[in-house]
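Undergrad: The lines below spell out each chain.
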Amino acid sequence: GENVEQHPSTLSVQEGDSAVIKCTYSDSASNYFPWYKQELGKRPQLIIDIRSNVGEKKDQRIAVTLNKTAKHFSLHITETQPEDSAVYFCAAKGPNTGNQFYFGTGTSLTVIP
Amino acid sequence: DAGITQSPRHKVTETGTPVTLRCHQTENHRYMYWYRQDPGHGLRLIHYSYGVKDTDKGEVSDGYSVSRSKTEDFLLTLESATSSQTSVYFCAINADRGLTEAFFGQGTRLTVV
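Note that the protein sequences, when read in sequence, are chains P and C. Quick note: the first sequence uses the working numbering, first residue 1, plus one each step. Quick note: the second sequence uses the working numbering, first residue 1, plus one each step.
The shape of chain P in the complex, shown without the other chains (with noise of 0.2 Å):
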């Protein structure tokens, strides 16, 4: 099956600064890409999604990008904000993992005021 894997487990940076996280996957026709954001004590919440068909997508401050040859797939918050503070999961899906959503382990991000 499909092996996501995600660094690093924890970030810390300053406010203003850039924060990025990356993640791999194995499976070569896993085909769609989401990252969720989840805060202390709620739900995961989707924040931006890529499909394999394109290799770079960005909303306001997020950013994703795909690099399908080395099957791996980043995401770029610029200017952080304290309440970019959160724990933030790749996940991985595509024909091959029965519409299952393999997730990576999480990254705990703290935006320092």
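Hints in this document: simulated from the structure, not taken from any laboratory. Just so it is clear, the structure is predicted and the values come from calculations on it, not from any experiment. Some hints could be false.
Unchecked claim - Pairs of lysine to any residue residues, derived as SDA-like cross-links and limited to a Cα-Cα distance of at most 25 Å, are as follows:
| no. | chain 1 | residue 1 | chain 2 | residue 2 |
| --- | --- | --- | --- | --- |
| 1 | P | LYS68 | P | SER26 |
| 2 | P | LYS68 | C | THR100 |
| 3 | P | LYS42 | C | THR26 |
| 4 | P | LYS37 | C | GLN37 |
| 5 | P | LYS22 | P | SER85 |
| 6 | C | LYS53 | P | ASN99 |
Following the hints, put chain C in place on chain P, whose structure we already have.
TA: Chain C only, in chain P's frame:
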């Protein structure tokens, strides 16, 4: 937010007792999932359903069973609760096999004493 609710939100139970968690959706989505979330492990799939009475195991299914008698309800049962099943449980739904995200319920915090 997608129409998905979990009940109960919190539960404390004793070792050896059966426990049932309920996930209810109003979106008429075909796919439903149960995950458990533990520190350092991210979101791990317990069981999922791809239709009424159609279910399959995930990576951590031992000690758990599920049932889906109606499109809108997906039940997770711990046959005989153990302390290792103390966790936060999330239900999620997904519309189809396409390139779309999963929506999560609010979570159930289960403590087995």
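Undergrad: For every hint, state whether the structure bears it out.
TA: Verification of the supplied hints:
Between P/LYS68 and P/SER26 the CA atoms are separated by roughly 11 Å; this keeps the pair inside 25 Å, and the hint holds. Proximity of P/LYS68 to C/THR100 is assessed by CA-CA distance (about 19 Å); at most 25 Å being required, the pair is judged to hold. At most 25 Å may separate the alpha-carbon atoms for a hinted pair to count; P/LYS42 and C/THR26 meet this at roughly 20 Å. The hinted pair formed by P/LYS37 and C/GLN37 meets the criterion: a straight-line CA distance of about 14 Å does not exceed 25 Å.
Between P/LYS22 and P/SER85 the alpha-carbon distance is near 17 Å, which keeps this suggested pair within the 25 Å criterion. For the hint linking C/LYS53 to P/ASN99, the alpha-carbon distance of about 17 Å falls within 25 Å, and the restraint holds.
Checked against the numbered hints given earlier, the structure satisfies every one of them.
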